[in-house]
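**Q** Sequences are here, hints too, so could you generate the full structure?
Okay, so the sequence shown: first residue is 1 according to the working numbering, each after it adds one.
One should not assume that every hint holds.
[As the list claims (entries may be wrong)] Only pairs whose alpha carbons sit at most 30 Å apart, straight line, appear in this in silico DSSO-like list of lysine-lysine:
hint, residue 1, residue 2
1, Lys66, Lys38
2, Lys56, Lys38
3, Lys6, Lys66
4, Lys66, Lys56
Just so you know, the hints here were simulated from the structure itself, not pulled from any lab data.
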Amino acid sequence: MTETLKIEGMGCGGCVTTVTNALTAVPGISDVAVSLDKHEARFEMTAPATREQAVKAVEDSGYDVKG
1 MTETLKIEGM GCGGCVTTVT NALTAVPGIS DVAVSLDKHE ARFEMTAPAT
51 REQAVKAVED SGYDVKG
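**A** This is how it looks when you write it as structure tokens:
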């Protein structure tokens, strides 16, 4: 299933890398694409990953998820 998270606080390529790495580290999340211009992350998610785990991974890396 494809998921999209709106992310606030990203301002540079390093932020994109940080969010990408945070999401990729969650078991069941793959094909992560983070857009600095759109302030969002799109990814494929399968069990055992949950949306809540994805949100927590992004927030734990220092960014706010807005949807």
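**Q** Each of the hints needs a verdict: does it hold here or not?
**A** Checked hints:
Simply put, lysine 66 and lysine 38 have alpha-carbon atoms about 12 Å apart, close enough for the 30 Å limit, and the pair holds. Pair hint lysine 56 plus lysine 38 holds up; C-alpha atoms about 20 Å apart against a cutoff of 30 Å. Taking the CA atoms of lysine 6 and lysine 66, the gap is about 5 Å. The hint holds against a cut of 30 Å. Restraint check: the Cα-Cα separation between lysine 66 and lysine 56 comes to about 12 Å, which is no more than 30 Å; the hinted pair holds.
Consistency note: the structure conflicts with none of the earlier hints.
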